[in-house]
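First residue of the sequence shown: 1, per the UniProt record's numbering; consecutive thereafter.
Keep in mind that the hints were calculated from the coordinates and are not lab data. If you're wondering where the values come from, they're calculated on a predicted model, not measured in any experiment. Ideal placement from N, C-alpha and C gives every residue a C-beta, glycine not left out. Keep in mind that the hints are not guaranteed to be accurate.
[What the hints assert, rightly or not] Straight-line Cα separation of at most 30 angstroms, DSS-like style, residue types lysine-lysine; simulated pairs:
| hint | residue 1 | residue 2 |
| --- | --- | --- |
| 1 | Lys421 | Lys369 |
| 2 | Lys972 | Lys787 |
| 3 | Lys384 | Lys229 |
| 4 | Lys87 | Lys179 |
[Unchecked claim] Cβ pair distances, simulated, as ranges:
| hint | residue 1 | residue 2 | range |
| --- | --- | --- | --- |
| 5 | Ser606 | Ser334 | 44 to 50 angstroms |
| 6 | Ile845 | Arg345 | 56 to 62 angstroms |
| 7 | Asp248 | Glu276 | 49 to 55 angstroms |
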Amino acid sequence: MAYSINRLPTCDPYLTLIVSSTSDDFTPRQAVDTSGRFGMLYDASCDKILHNSTLDLPVTYAQLCEKPTCRVKKYERQIQNLLKWHKVHDELRLSVALEIVQTGSGVGALNTYSRVIDKYTRFIVYKYYSRTDYLSDGDFERRNRIPPPPVDSDATHVTVLVNWGVIVVAILQLVPDDKKIARVDTIIKKLCRNLEQNCKPPELTDDEVSYLESISHTQVFSNIEDLSKISSIVELYQAIPKIKRDTDTHQPYNYNFCSLERFFPSTIVGRFVFREVEPNCRGKLEDYLIRLSRKFRLLSSKINQDYPNVDQTRKYQLDNARSTYDDLKKSYESLIHQLQNLVVRVRRGELSYHKIDEMLFGNQNTEVKTMMGLCTSSLYVLEKKEKFISKLVANQFIYRDATEFGIDRNDDKQSIESKLKLDVTNKRAICSNDDLYRQQDSKWSELYTKLYEEREQKPSLKLIYVDFSDCSYKLKEFLIFPEQSLNSTNDQPSASRRESTSERLQSNGIKNILLIGESGVGKSTFINALVNYLRFDSLQKAQENPVALMPVSFILAVGDDFTEQLITFRGQETISTEDFSGVGQSVTQYCKSYLVTIPDHGNKESTIRIIDTPGIGDVRGVDKDDANLQHILSFISNLQYLDAICILMKPNITRINVSFRSCFIQLYTFLGEDARENILFCFTNTRPTFYAPGDTALVLKQLLASLPGKKTPFTKQNTFCFDSESFRYLMAIQNNIQFHPDQQQEYNESWSRSAAESKRLLNYINNDMLAPLVPSHIRSVHHAQMKITRVIRPILETIRNTLRNIILRSHQPNEKSIKLVPDAVTTRTAICSSCRHHTNQIFPIGEFYIIRDSLHMFSSSCRTCKCSPDEHFPVDYSLEYELSSDGGENNRAPTMGVVEELRNISSELEWFLVHSNSSSLKNPFLRGFERMIEEEAYICSKNTPNDLNTKLLNELEKVKKMFEEKKDELMKENRQIMFPEIYNKLESIEKIDMIHLQMAVVKQPDK
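Use the sequences and the hints to build the structure in full.
The structure is reproduced here in structure tokens:
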């Protein structure tokens, strides 16, 4: 039999063995687990050595014939996968990433290295083979004489070769001092040369030791546990020769396993199945796990830090953050466990590798990502609070919470001052909250400085910071007590942007009410029913002139033989965008708003805007749910204000749908914890549960308790129970269906209960709720992510068009400029990259050629072409172009400065998306650059002359290269970009005229 020449190295380079082969039926593995011995059985499906199961194989030994090797390496780019860099075998790396294999502190733990790898990083790799245990060629040929393992064994392979010795990977971080680095590098190279000798290496000089001790950090990974504990390169240099001489301490360095299929007859080989995971799937899963585990380790590290000030003054906030982390940990461990089982079953041939893809894009993965976002936000708030209180304490402020004084929403300035019980002469209190501090930082600094200066003049003065962040009394401005203190501050305008803006927004009298619910909960029916309940006190009145904002269509079993009859009622819209055919699909395909005028007693009228949204838990899968949610969040962002968020639920559920739970958490994360006071709970079809939430109450409480931050109310006051069946009865009557008198009475009572509940709902929104949410003031990681995704195309098109105009003006100084003319689209649309490259829509403008946008109707799939959804990128607007010679800023003096600014900001925004665990497209800016380059290349291939397009293509390639270099630089620095910084960047770039022009058409008219 012929074997591959690819072989595993042994301690004797002249030893050529069948069992050193690395192909066919042999499976080499680094000794991540050093407890393996020759002849032990191995389960390759989970990379597990079966210590209690062996085959009685004759062993042969080979002794050392080679010197050790020691190499120093340096890299100036971040290495994402150190195990891959170290050439650890693919399947073993996956097992390590899945935590199937426990790595301890050995070489298998390389990917736990958390420091930045940059030009100051050095790797020292030391290898020494001392012995090889192996199955000789002759014994291998006689293998069929060996008895098989026990029937119940999970073994797939047997250990036929073990290399013993010492392996060390030391990662050094040098100080950023170029002169010192040159000397340190010289010493390290000398050190490596010394360690390669079989004789005892020479001692280091005091000068060399001094330079080596300047290394800021050393971490060692080795198969020898004592070496892994070393944190000094000097100590490591001294320890390696001693370990090398003491062969009793040596451990396995690597193994070679042979499939049991080669040992035993075909009648039992079915027991020994091992299949490698499909390479693309394996690589994708490994990359995902590495990113996920790093983020989880970072969060674990942060949650275990000390927060002494928060723990002392706001312990509940710390407890909530830890509770959120505990929930994340359970979900994370559950996800890893399920992926472990999947991979093992795929390797055993029980499942297709496609099941792994399904899990990666499934609900639980989405939930873990969402919970990581929640945990990240909670810890960010916690760290900010800890730093803030620490600064106050360091400057001798006393920190107090407003709730300690019994302050609530019923107080006013006078009663607040009374409750604070301040000594007029010796105490000053400044009242603030997190929003005021964040939004009015300059004002805060001014007041803080004045108080500090006042205390310097009067050392006995006690300064108190009273935190209203958790108080039901909503501050509109900073308050200082006693009021006569710092009088000049009392003339300042309101600092509460949300409340002062809200007063203006409410002047139009329209209440914006958003409905969110699972698919099938009956949102569309509820909207129709709610309008009728509000307009008609009784079912009898409603029969005279019923209202339907959207078409009604359902099947009703009638008569003694339960004949199915289609019930329809045409809505007041002339065009229906609904699709009534797909059971389980979200009937509402897009967000739609309905203005409804409600007559009141005394001939008064009130107007509400009901916003219907696509359902969550769509049978078309988690991708559709995610697309629906992003559409909902985008719609919310374009509202001027939002008065109420009504969560629609059924009363008889014992487990909340995973998709709905995940989307609810994402919505909460997006809006921020201020939204908790605007959340209402509406239950449909509650007649069977006596107009109560029923079993749903318990699971809903559990969901709300898992949310970070302040508690979201779920009380009788903000909970409303309806029965939509009485509306269906009304529609049936309109279709001339006859009912028994007893049924009529029952539906009359149902209508009265639901009508009363509807009026209570409207009264609560009008009179009992706090100020509405102002989406433009939302500040959250998720919101920042969405704003970034919406500005990607405007940034990229601005870069491209600026380059066009720079090229035009360098070609002909008096040439007109190309102006972008964006036009809003009213439906979900996308541009198909594949169709775009087979278009005849190339047209000249000036001396440039441009591809005109050809928009496709697109939701989860394209209705215009048959190309893959992956080939489509959604757009909010179409672009036209025109030549312009006016002096508008859009066309004036384009410079590379604008391109450079946008290029650098793009790198930072994309790094933020990656770092904040965004569920957005991977590398969206990079993909955008690549798309533009492909388009320009296509234009150049189809049109001549194309000098200017060729120049544009070259410039775009340069910009893309510098974009990637900037992103790599951010990666090396492992820079933390927090979302407040992101908002500042977004605000600055939206002031650029060409971007502002595009963003203006993206935003829907104010509602």
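Results for each hint:
About 47 angstroms separates the Cα atoms of Lys421 and Lys369, which puts this hinted pair outside 30 angstroms; it is violated. Straight-line distance between C-alpha atoms of Lys972 and Lys787 comes to about 26 angstroms, which keeps the hinted pair within the 30 angstroms bound. For the proposed pair Lys384 and Lys229, the alpha carbon gap of about 35 angstroms is over 30 angstroms, so the pair is violated. For the hint linking Lys87 to Lys179, the alpha-carbon distance of about 33 angstroms lies beyond 30 angstroms, and the restraint is violated.
Evaluation of the 44 to 50 angstroms hint for Ser606 and Ser334 yields a pass: the beta carbon distance comes to about 48 angstroms. About 58 angstroms separates the C-beta atoms of Ile845 and Arg345, a value consistent with the hinted range of 56 to 62 angstroms. In this structure, Asp248 and Glu276 break the distance hint of 49 to 55 angstroms, their C-beta atoms being roughly 36 angstroms apart.
This entry does not satisfy hints 1, 3, 4, 7, going by the numbered hints stated previously.
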